[in-house]
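Number of protein chains: 2
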Amino acid sequence: MAKTLGLHIIADLYGVNPDLIDREEDIRHLLENSVKAGELTKISSHFYQFNPHGATGVILLAESHISIHTWPEHKTATVDVFTCGDPSKAYRAMDYIINSLSPTHVDKKVFDRGIIEDSKGKDVLWIMSKAGCC
Amino acid sequence: MAKTLGLHIIADLYGVNPDLIDREEDIRHLLENSVKAGELTKISSHFYQFNPHGATGVILLAESHISIHTWPEHKTATVDVFTCGDPSKAYRAMDYIINSLSPTHVDKKVFDRGIIEDSKGKDVLWIMSKAGCC
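The listed protein sequences derive, respectively, from chains A and B.
First residue of the first sequence? That's 0 in numbering that gives the first Met the number 0, and the numbers climb one at a time after it.
First residue of the second sequence? That's 0 in numbering that gives the first Met the number 0, and the numbers climb one at a time after it.
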């Protein structure tokens, strides 16, 4: 039986008010709050202001990552939420971002990432070797 | 006529030698070199070591981002390369990572991100307002 290691939601947001996505501090605030909305665990966050327009940012999570890249001159933002563990957390984080930016149109896709055969289990020999067992 | 703002390659790598993806310093080296292979422009890079196994990391690019999350106990790594501009750079960066990790199987998908109607052009009024023109 297969199981998946992660859930990845990608969303392209169109018709966004450009003033909401132009500044690094605004997308930082947006993504930090999405982490709270999803009850996710932040490791670190990193943002960058482009000149003259747009910003980019990522939050590394214990559960994987959230990223955003913005083109305010096109009223467009691309957002990724990739989490392992409880899938509802990814949906809650993405919903927070979409609701906050109120795009006129969203192109959203959802993928399972890392599909493994549960029957094969873990690489026990390697794990034991790392633990100094063999 | 439509044009796309970015190209996103996602790849799940299976059957990877776990010793190649267990340590933060190894995936840092891998991703930093993929940036060079793709002739991409690094803004900043961020990595984290999980305990007991696996690591996570992202490089913010002027062109968007590269990320990796690893599960050495499952011989699995998930990799994203998302770039705007010349699409060949994304392929070269991803090819570098895949060739370096030599997985037995790869599940790879490619997406256009941010598809805009070129005929609509940019939001000129907003751009002018930001430039203090109106």
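Treat the hints loosely; a few may be bogus.
Partner residues are not named here, just some residues of chain A that face chain B (Cβ under 10 Å, in silico) [to be verified]:
| id | residue |
| --- | --- |
| 1 | D25 |
| 2 | N32 |
| 3 | K35 |
| 4 | V109 |
| 5 | A130 |
List time: in silico DSS-like cross-link candidates among lysine-lysine, alpha-carbon distance up to 30 Å [what the hints assert, rightly or not]:
| id | chain 1 | residue 1 | chain 2 | residue 2 |
| --- | --- | --- | --- | --- |
| 6 | B | K2 | B | K129 |
| 7 | A | K41 | B | K107 |
| 8 | A | K35 | A | K129 |
| 9 | B | K2 | A | K108 |
| 10 | B | K2 | B | K121 |
| 11 | A | K107 | A | K2 |
| 12 | A | K41 | A | K2 |
| 13 | A | K108 | A | K35 |
| 14 | B | K41 | A | K107 |
| 15 | A | K129 | B | K121 |
| 16 | A | K41 | B | K2 |
| 17 | A | K108 | B | K121 |
| 18 | A | K107 | A | K35 |
| 19 | B | K41 | B | K121 |
| 20 | B | K129 | B | K35 |
| 21 | A | K2 | A | K108 |
| 22 | B | K35 | A | K121 |
| 23 | A | K2 | B | K41 |
| 24 | B | K2 | B | K108 |
| 25 | A | K35 | B | K2 |
| 26 | B | K129 | A | K129 |
| 27 | A | K2 | B | K108 |
| 28 | B | K108 | B | K41 |
| 29 | B | K35 | A | K41 |
| 30 | A | K35 | A | K2 |
| 31 | B | K107 | A | K108 |
| 32 | B | K121 | A | K121 |
| 33 | B | K108 | A | K107 |
| 34 | A | K41 | B | K108 |
| 35 | B | K107 | B | K129 |
| 36 | A | K41 | B | K121 |
| 37 | A | K41 | A | K129 |
| 38 | B | K35 | B | K108 |
| 39 | B | K35 | B | K107 |
| 40 | A | K41 | A | K107 |
Hints are computed from structural coordinates only; laboratory data are not their basis.
Small disclaimer: the values here were computed from a predicted structure and weren't measured.
Ideal placement from N, C-alpha and C gives every residue a C-beta, glycine not left out.
So, going through the hints one by one against the coordinates:
1. D25: Given a least distance of 14 Å, the restraint on D25/A is violated.
2. N32: Result: violated, 20 Å to nearest chain B Cβ.
3. K35: violated, 20 Å
4. V109: violated, 12 Å
5. A130: holds, 7 Å
6. K2/B / K129/B: The hint holds at about 24 Å.
7. K41/A / K107/B: holds, 27 Å
8. K35/A / K129/A: The hint is violated at about 34 Å.
9. K2/B / K108/A: holds, 19 Å
10. K2/B / K121/B: holds, 12 Å
11. K107/A / K2/A: OK: K107/A and K2/A at ~23 Å, within 30 Å.
12. K41/A / K2/A: Roughly 25 Å between the alpha carbons, so the hint for K41/A and K2/A holds.
13. K108/A / K35/A: holds, 22 Å
14. K41/B / K107/A: holds, 27 Å
15. K129/A / K121/B: violated, 54 Å
16. K41/A / K2/B: violated, 34 Å
17. K108/A / K121/B: Distance of about 25 Å is within 30 Å: holds.
18. K107/A / K35/A: holds, 21 Å
19. K41/B / K121/B: Holds. K41/B to K121/B sits at ~27 Å (cutoff 30 Å).
20. K129/B / K35/B: Distance of about 34 Å is beyond 30 Å: violated.
21. K2/A / K108/A: holds, 19 Å
22. K35/B / K121/A: Given pair K35/B, K121/A is violated - Cα atoms ~33 Å apart, limit 30 Å.
23. K2/A / K41/B: With Cα atoms ~34 Å apart, K2/A and K41/B exceed 30 Å; violated.
24. K2/B / K108/B: Distance ~19 Å between K2/B and K108/B Cα, so the pair holds.
25. K35/A / K2/B: This hinted pair is violated, its Cα atoms lying about 34 Å apart.
26. K129/B / K129/A: violated, 56 Å
27. K2/A / K108/B: Given that 30 Å is the threshold and the Cα spacing comes to 19 Å, the pair holds.
28. K108/B / K41/B: Given that 30 Å is the threshold and the Cα spacing comes to 23 Å, the pair holds.
29. K35/B / K41/A: holds, 28 Å
30. K35/A / K2/A: holds, 27 Å
31. K107/B / K108/A: At roughly 15 Å apart (the allowed maximum being 30 Å), K108/A and K107/B satisfy the hint.
32. K121/B / K121/A: violated, 51 Å
33. K108/B / K107/A: holds, 15 Å
34. K41/A / K108/B: Judged against 30 Å, a Cα distance of about 27 Å means the pair holds.
35. K107/B / K129/B: Distance ~40 Å between K107/B and K129/B Cα, so the pair is violated.
36. K41/A / K121/B: Not OK: K41/A and K121/B at ~35 Å, beyond 30 Å, violated.
37. K41/A / K129/A: At roughly 27 Å apart (the allowed maximum being 30 Å), K129/A and K41/A satisfy the hint.
38. K35/B / K108/B: Answer holds: K35/B to K108/B is near 22 Å, not above 30 Å.
39. K35/B / K107/B: holds, 21 Å
40. K41/A / K107/A: This hinted pair holds, its Cα atoms lying about 23 Å apart.
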